[in-house]
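> Here are the chains, one letter per residue:
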Amino acid sequence: MSNRNGRFGIHGGQYIPETLMNAVIELEEAYNRYKADPEFNRELNALLNDYAGRPSRLYYAGKMTEDLGGAKIYLKREDLNHTGAHKINNVLGQALLAKKMGKTRLIAETGAGQHGVATATAAALMGMECVVFMGEEDTVRQALNVYRMRLLGAEVIPVKTGTATLKDAVSEAMREWTRRIDDTHYCLGSVMGPHPFPTIVRDFQAVISKEIKEQLAEKEGRLPDAVIACVGGGSNAIGSFYHFLDDKSVRLIGCEAAGRGIDTFETAATINTGRLGIFHGMKSYFCQDEYGQIAPVYSISAGLDYPGIGPEHAWLHDTGRAEYVPVTDEEAVCAFEYLAKTEGIIPAIESAHAVAYAQKIAPQMGKEQIIVITVSGRGDKDCAAIARYRGEDLHE
Amino acid sequence: MSKIAAAFDHGKAFIAFITCGDPNLETTAEAVKAAVSNGADLIELGIPFSDPTAEGPVIQEANLRALTGGVTTDKIFAFVRELRKEVSVPLVFMTYANVVFSYGAEKFISTCRETGMDGLILPDLPFEEKEEFLPLCRQYGVDLISLIAPTSENRVAMIAREAEGFIYLVSSLGVTGTRSEITTDLQPIIRTIRENARIPVAIGFGISRPEQAKAMAGLSDGAIVGSAIEKILAQYGKDAPEHIGRYVREMKNALE
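For the record, the sequence lines run as chains A and B.
Counting from 1, one number per residue, gives the positions in the first sequence under the working numbering.
Counting from 1, one number per residue, gives the positions in the second sequence under the working numbering.
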């Protein structure tokens, strides 16, 4: 869906230092070669199925449907994947690609730690070296994931610059890539950054919507009326939307992290509060001040705590094909607790943003209508933070 | 004819990078004047950016100090307007694409022209994206400086052919910051540049000592120093200008 230099409408592009240009060109060429290679696809599918546990289940949330009294609700259970989130879909693809390119070392940024854990996992599996950059504040919020990455053999580097969160981890990973390109692949975790990353990551995550479509056709014999996913950079959302883009009857809804509210400065809702800019290799929407200084964003969710959004989402917003709605910390925490109590499923706090919005719209929809919510990850990692939010301190 | 060429008229050029507003604009003005009176041939004025992805820790911290001090693009344009009354060497801005884009590209570039800025360096604007600002730069007579890196390889000729002002040759992999040694073999790159461009070439990234400056300028037409000057600013703050003057004199002497 992207044209030359990876543009989605006016968004995207390759706004990166000259030092990295040949690396992204080489990556694009390798990707174009291998995505058409049957052997590569066989290997990747084997990994996705036998190692990551795909296809993930599409589960009819009967109690939630009954409780909300409106549309039928299905949950796309990306939380059931190996490593506990959708991130593994992209990482297995990129790690395999990097290996084919002769790279021996993976570097990655991580917010909540899910992408870092997935990258460390793939590196362990494929015998590659792995270094993960993580904002120092996030290493505290997500201490369990830091331990998991180290257990998997990765080096975790706490990033102290800037706001010490996801955007700074991305900046530091980009800096590291300019230092060491020859043997290193930057395994970017979302549909952002310079071309070809938004396209590569989208393609590897598109398996989510491909499966939703097939599974729902089998269960209901029809398309859903709405697909809802949370959006930080936007990889699980674009993966959930992609195969429905041409099905205009399907509402595509991305849930942004509003933090303490979009009328406060403590928010990470890019579409709702940001404006057009150029950052981290791409033209897209960013939270920024009047002089283009990137804003220190906030969300309870480390994975959505990013001041930008992937360029394809920016374009889907421009064209009106997808809608992007803000969901606050409080709403997400309530949804986190709601899904646990109602369905016995503890979602990642990121995914809880999507659950929260479904709770709002399901009652207004007819009983014959269908909503699919992508549960992008599981919430074990968030339990300590949510307990803290509720005023309870957990000790092991 | 670009005014930037004049910086290379009297021997090898010494180019100093100074972040505007670190720790305040009065100090920046004094630092620029000290650098110029001690032999700097061209000044790169940094407009600080919150997330400078091509910079090492020293310039990152300089950006942070400047932004914390409250400097803005508007204040920097006002500062340049005043500075131009006393400083006549070529001046170029070094900043990030979003600073220009967000200000409004035409407003930014026309104000460059009006305040007497001669060029613009944007490390996150490679050849493939230069159309974003190049037409406006041409319209207002502001040189958009091209960077070439050790990894540019097959891209060197293409970039050099369309380059304007001077070519900024990045000495080594990685981000800005002082290095004990510069090991890249730059000669083949410079040969390709010379075959494709008639404008001067200056080398930057990693240069801090006189012998490094001499070696790099020996290969090219000039040496660019940033982090070493920012370190002096970090150490001496408002008292930095006289130390910067002495440092620039030492570096410039090494080039002659």
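Hints are computed from structural coordinates only; laboratory data are not their basis.
Any given hint might turn out to be false.
Using C-beta positions, here's what the derived DEER-type ranges look like [said to hold, decoys possible]: (1) B/Arg246 with A/Asp183: 36 to 44 Å; (2) A/Glu323 with B/Glu82: 45 to 53 Å; (3) B/Thr183 with A/Glu266: 44 to 52 Å; (4) A/Asp183 with B/Met158: 24 to 32 Å; (5) B/Tyr236 with A/Thr319: 38 to 46 Å; (6) A/His395 with B/Thr68: 45 to 53 Å; (7) B/Gly141 with A/Leu125: 51 to 59 Å; (8) A/Arg33 with B/Ala234: 31 to 39 Å.
Virtual Cβ for every residue (Gly too), placed ideally from N, Cα, C.
> Each hint should be assessed against the structure and marked as holding or not.
Checked hints:
1. B/Arg246 with A/Asp183: 36 to 44 Å: Once the Cβ atoms are compared, 42 Å apart, the range 36 to 44 Å for A/Asp183 and B/Arg246 holds.
2. A/Glu323 with B/Glu82: 45 to 53 Å: holds (49 Å)
3. B/Thr183 with A/Glu266: 44 to 52 Å: Given about 46 Å between the Cβ atoms, the range holds.
4. A/Asp183 with B/Met158: 24 to 32 Å: holds (26 Å)
5. B/Tyr236 with A/Thr319: 38 to 46 Å: This hint is violated: roughly 54 Å between Cβ atoms.
6. A/His395 with B/Thr68: 45 to 53 Å: The hinted range 45 to 53 Å is violated for A/His395 and B/Thr68, with Cβ atoms some 37 Å apart.
7. B/Gly141 with A/Leu125: 51 to 59 Å: holds (56 Å)
8. A/Arg33 with B/Ala234: 31 to 39 Å: Since A/Arg33 and B/Ala234 have Cβ atoms about 47 Å apart, the given range 31 to 39 Å is violated.
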